[in-house]
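S.K.: Residues per chain are reported as follows:
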Amino acid sequence: MKDPCAHCEEMMQPYLDHVLTDEEMAEAEAHLADCELCRRRYRFEQSLRVYVRKAASEEQMTVELRQKLSALRIPLE
Amino acid sequence: MALALSGTVDRVDAEPEEEAQRLATEARDRVRFEEDALALSDQVYRVARHLANSREDAEELVQETYARAFRSWRQFTPGTNLRAWLLRILTNLNIDRGRRQQRAPQMTPLEANDYFLYDRLAENGDGVSDEQRVVERLSQDDIVSALSAVPHDFRDVVVLVDLGDFSYADAAQILDIPVGTVMSRLHRGRRILKSELAEAATEEET
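Chain order of the listed sequences is C and G.
The opening residue of the first sequence carries number 828 in my numbering; numbering runs sequentially from there.
The opening residue of the second sequence carries number 14 in my numbering; numbering runs sequentially from there.
Calculated from the structure, these hints are not laboratory results.
Just to be clear, a hint being listed does not mean it is correct.
Below, a sample of chain G positions facing chain C; criterion: calculated Cβ distance under 8 Å [said to hold, decoys possible]:
#, residue
1, 79
2, 127
3, 157
Each pair of labels, with its calculated beta carbon distance range [stated by the list, open to error]:
#, chain 1, residue 1, chain 2, residue 2, range
4, C, 877, G, 45, 28 to 36 Å
5, G, 189, C, 877, 23 to 31 Å
6, C, 848, G, 109, 32 to 40 Å
7, G, 146, C, 845, 37 to 45 Å
8, C, 897, G, 110, 17 to 25 Å
9, C, 861, G, 42, 51 to 59 Å
Idealized CB from N, CA, C, for every residue including glycine.
Bound-form chain C, shown alone (with noise of 0.2 Å):
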């Protein structure tokens, strides 16, 4: 059986890249409307996007490196 919501699918990522035309967009919108396991999976795409953003953010930079960097400053004459 076809999945009918493999259009959405695929304009899932251009969805959330905000790279969708205005067309494509409402179409879009359309299905999720009605779609509760296509929103389900949307809202999962966007939790994902920001949880890796965070979890990939923790490790700081550290002071001693930051220290390295600013003595690498050309110095003035």
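The hints should help you fit chain G onto chain C, whose structure is shown.
M.R.: Below, chain G without anything else, positioned relative to chain C:
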């Protein structure tokens, strides 16, 4: 003639002054450039950390990037995107130094659809289907190691766009590849990342 002569003398006097003025302006521009670049170092490091394979590699890479940026600051056009300019230096250094493990691009077929990670996590989630909660079943370590398992060509794009907030066009310019390539690598890279995450989630259950 006296008038013309005094004019000449004036001009000769003015030249060292203009030169001094020029040097002062340049010094001021350079200090400002250095300060602007250093103010971005946290953001540059966060991206570098996941472009490189380890914390040590990332630290070295960021230092080399700043050393080079401070030397060639005149090549930066004021008013353009300094963070993108710094990351272009950084990605070039990363490629030049042959740091990338040259893994053959992953050509194994990926999961048939883009929803499998959610489906996988939700179906094993003891009935928990709330999207926020489902995502939290992945640990920070899962995510950091899944990212590092994505082959470099794909990872570079995912890291720049999804972690670094660069537009497709900026990422294309930083990596010197067409925008269409950014889009296809991004799409594939995100899928590879999710497939790595699905694997990590499955391993934890067993």
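S.K.: Each hint: holds or not?
M.R.: Evaluation of the provided hints:
Using the Cβ-Cβ criterion of 8 Å, the hint placing residue 79/G at the interface with chain C is satisfied: the shortest such distance is roughly 5 Å. The beta carbon of residue 127/G is positioned within 8 Å of a beta carbon in chain C (closest approach about 5 Å), and the interface hint is therefore held. A least Cβ separation of about 7 Å between residue 157/G and chain C falls short of the 8 Å threshold, and the interface hint therefore holds. Distance hint check: the CB atoms of residue 877/C and residue 45/G are about 34 Å apart, consistent with the given range 28 to 36 Å.
For residue 189/G and residue 877/C, the Cβ-Cβ distance of about 29 Å falls inside the hinted range of 23 to 31 Å, so the restraint holds. Here the CB-CB span from residue 848/C to residue 109/G is close to 39 Å, well matched to the stated 32 to 40 Å. Judged by the Cβ atoms, the range 37 to 45 Å given for residue 146/G and residue 845/C is violated: they are separated by roughly 26 Å. About 23 Å separates the C-beta atoms of residue 897/C and residue 110/G, a value consistent with the hinted range of 17 to 25 Å.
At roughly 58 Å, the beta-carbon separation of residue 861/C and residue 42/G lies within the given 51 to 59 Å, and the hint holds.
In summary, the structure is inconsistent with hint 7 from the numbered list given earlier, while agreeing with all the others.
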